[in-house]
Every structure is written in structure tokens, then in C-alpha cells.
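A.B. asks: If you want the building blocks of each chain, they are given just below.
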Amino acid sequence: MAILDLQHVGYQVRNQQILADINLTVEEDDYLTITGPSGGGKSTLLKIIATMISATAGDIFYQGKNLNQYDPILYRREVSYCFQQPTLFGNDVLENLSFPAKIRRTDFDKARAIQLMQYVKLDEKMLTQPIKELSGGEKQRVALIRNLMYLPKILLLDEITTGLDAANKAIVWELIERLKGDSGVTLIAVTHDEQEILAAKHLAQVENGKLEVQR
Amino acid sequence: MSLDISNLSLVLVTALVFIALWIGYREQLGIDKDIVIGVIRAVIQLTIVGYVLKYIFHLNNILLTLLLILIIIFNAADNARKRSNGIRGAFYISFVAILSSTVVVLGVLVASGAIKMIPSQIIPISGMVASNSMVAIGLCYRNMNAMFRDQRQQVLERLALGADIKNASKGILRETIKTGMSPTIDSAKTVGLVSLPGMMSGLIIAGVDPVNAIKYQIMVTFMMLATTSLGSVIACYMIYRKFYNDRMQLK
Ligand SMILES: Nc1ncnc2c1ncn2[C@@H]1O[C@H](COP(=O)(O)OP(=O)(O)OP(=O)(O)O)[C@@H](O)[C@H]1O
Ligand SMILES: [Mg+2]
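Residue numbers (my numbering), protein chains in the order written: chain W, 1 to 215; chain S, 1001 to 1251.
Just chain W, same shape as in the assembly:
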């Protein structure tokens, strides 16, 4: 059974058709790359899958059950969305990385946070650093590992390497390779990066609100 199944999904705001008749099946443990021109509707599609907005047409099934049968809170903990331009909240890195534990009413796993920080080459000392002092690339990496404090079933990545230099991209890719390995996380990643598109095993193109599976 596919972990995610979109059937005739559409999204319309006022009279503007932003997505139309999207059909997409994603298998468990898959790594799907989505690309396409700016303004084509990629972020909108991810936001719909993440239930940040609701489709105005069609049905989405997650693990065989219609999306609107899930409690949005529990669903979002399993299908985690990393925004195109993520923002950190609160005062410091710690507040961001401990937030997932806080909302689950469990203790913050500091060791895990430090391990994830090491994966993306962030110094452990940075935990207490005020977010206003972080560079753009550092913020991006903190936002990414914030989604991984508890491993999701599906991770939706929205152009997380855009705007990063080669070194930073490599760091992020390394983390993603780790996830692809044995974590059981299904990945759906939007990108404009040539290399990522070339390397993609499964690729879909979103253009003018239409999705086309390329391979």
C-alpha cells in the first residue's frame, strides 16, 4: 500500500486555479524529487500534503485513510513540513529544538539534539545562541533538524538548499543521505538544484498547477 496517494487534487483561491487534477502515489521509503518553474505550485502542493492548507478538490490518502479523518496535530507529527523560508521562533536554538518535546509533553532529549547538530556541523555551544545572531545557513540547518527531533514518517522539504553555498549544501545532503539509508523516512523534496534533479531516482515536474511524473 502506498504511504501517500493523491487523487484529482486541486487548489483554487477565489477564481485562481493554482493546482489542478494532481495525481500522485508515493511508496513508503521512497525519495521523490519535485521540480518545476517558480510559481508553478510546488510549495502549495507540499502545504496541502502537510495540511497547512486544505485542497479544494480531490482526495488525499495517508496510509490508506483519508486525510480529513486524521487529527491534524497527530498527522503533522508524522508528516513533517520544512518551509521554503523557515523561521526560528523564541529566543535561542534550544527553544526551537526542544519545542517538539514540549508539545508531546515529554522530556527534551538533549543528546539527540546534539547528535543532530553534529550531523549538520553545528557546534553544541550553539544551543544557547540567540537566534538573531545566527547566519542564514545556520538557521536553515536548525530548522531542518527541528523537524527531525522525532523522526517523521514523511518529510516534506521545500527548497531547503536554495541560497546555501556548496559547503552548506553538502552538509545538508549528507544528512538527507543518512535519512534515506535506514531511517524509514519517506522523503519528498522540492528543488531547483541541477545536481539534485540529475541524481533523483523519482522525479516529478509541477508546472502551471499540473503535475507530471517524469521517472
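Check each hint, because a few of them may be wrong.
Claimed, not checked - Below 30 Å or equal to it, Euclidean Cα-Cα: the simulated DSSO-like pairs (lysine-lysine) are: (1) S:K1178 to S:K1215; (2) W:K102 to S:K1251; (3) S:K1166 to W:K153.
Said to hold, decoys possible - A short, non-exhaustive set of chain W residues, derived as facing chain S with CB atoms under 10 Å: (4) N66; (5) N68; (6) L74; (7) F83; (8) L88.
Derived from the structure by calculation, the hints contain no laboratory data. Virtual Cβ for every residue (Gly too), placed ideally from N, Cα, C.
With chain W's structure known, arrange chain S with the ligands on it following the hints.
C.D. replies: Showing chain S with the ligands alone in chain W's frame:
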């Protein structure tokens, strides 16, 4: 206490209005019309209220008194709603918040014997409580609208991580309740140093011993702290939900 302004004095005091009109005219503020309307409304409303109060105090009927208090709260709620900039359900929420804060505060004051259950005491006190609650709630609405706009992305991030709407709004709720309460806290700190508040001034002008007048003022200060905190908390906890839809998405 006997205090009486003669009608002649009152007419002469009208000169003060002309100062405001003159400044408005000279500085081309374009508010002459508003000043005139404001003055006329104030005179008419106060005159009517004066006679209504006189009548009600005289009747000393509990139902009529409660009705008047409800009317005060209704008007206060409607005024607070206007500050909400179109949040749905704002009138109902304001009404509940102002009503609850008024009931609690009046209840404590009456139970403690600080005021008596007679119209000439509970009606003015209700007016003070309701209007303070109204101002605090209005501030809360303004602040909450601004914060949900400015911190939209942060709220979305929290939701995407699987936070419920309360956790996603926590920072905004806290800041907003603080905003609603802070004018009262500030004025509690400076009361007597910067301003002699209306009630105390009124009592002193009317000839009450200042030492007795402060007892009332202390009571009023406590009462305002309770009112604004209760009003803000109730209104904020009810209204923040209106920023989300039933799928826990930010509107
Ligand atoms: N709420 C909305 N109201 C109106 N138009 C919207 C809304 N959300 C998105 N759009 C429009 O839908 C189109 C698709 O937006 P989307 O963000 O999904 O594009 P994208 O493919 O992610 O682009 P990019 O590669 O630049 O990030 C854009 O033209 C955008 O202006
Ligand atoms: Mg996008």
C-alpha cells in the same frame, strides 16, 4: 457633602470648548465638526444619564438596577468589538469577558462589605469596572491582530511541527494578556504621584476627607487590577481560536 455648580458657571466654562475649537481651526486639524459633535453628545448623554440615574436611585429596584448594569456591559462589549477589526464572535466574547469580570469584582466588593447592594453604589462601580475591562479587551484585540499578522510564519512553523493551536499561540497569548493589563499596572504604580484619579478627586472636591477618599481609591485600584486581568484573560483565551479554522489551520 454639598457641591453644586450653578448653571451660569457651567455656561461660562463652555469657553474651554472654544479653546479646543480655536486650536483645531488654527492648526487646520479638520476636527471642528468632531469637537462640536463630541460636546453635544456629551451634554445630551450625560443629561439623560443624570436623570435616569436619579430616577433609578430613587426607585431602588433590584431588577431595574441589574437591567441598567446589563445595558452598560452591552455597550462596553459593543465598543470592545469595534477594536477587533472584524474578528468573528468578538461581541459575544467581549460580552462574556466583561460580564464575568464585572460579576466577580462586584461580588467581592459586596461580599466584603466595601460597597452596599444599592443602586447608587453598584451602578457607578459597574460602570468603572465595565469600562476598564472594555479598554483592556480592546487593547488585547488590537495587539492580537497585529501579532498574528507579524508572527504568522512562526505560528505556521509551530503548527507544522504538530503543535495544537494553544501551543502555537502561546507567546502571542502571553504578550497580549500583558498588553491588556499593563496600563492598569502602570497607573497603579503612579496613582497619587502623577494623577489623582477621577473618583478620588470627585470625593475630595465634594468635601470628603482625603484620608477617607484614599480608602475608596485603594479599593478602586485593586478592583481595576482584577477587572483588567480577568477581562483580558477571558477574552484572549476565547478569541485566539478565531484565528484558526476547524482543521487547525491559520486563517
Ligand atoms: N493563498 C494564495 N492566494 C493567491 N495566490 C496564491 C496563494 N498561494 C499561492 N498562490 C499563487 O500560486 C502560485 C504557486 O505558488 P507556489 O508557492 O506553490 O509556487 P512554487 O512552485 O513553490 O514557486 P517557487 O519555486 O518560486 O517557490 C503562485 O503564482 C502564487 O502567487
Ligand atoms: Mg515554493
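A.B. asks: None of the hints should be skipped; say for each whether it holds.
C.D. replies: Going down the list of hints, with the structure as the test:
1. S:K1178 to S:K1215: With a Cα-Cα distance of about 27 Å, the restraint between K1178 of chain S and K1215 of chain S holds, given a limit of 30 Å.
2. W:K102 to S:K1251: Cα-Cα ~24 Å, so holds.
3. S:K1166 to W:K153: Given pair K1166 of chain S, K153 of chain W holds - Cα atoms ~24 Å apart, limit 30 Å.
4. N66: 13 Å, violated
5. N68: 8 Å, holds
6. L74: OK, holds: L74 of chain W within 10 Å of chain S, min 7 Å.
7. F83: 7 Å, holds
8. L88: 8 Å, holds
Hint 4 from the earlier list is the only one contradicted by this structure; the remaining hints agree with it.
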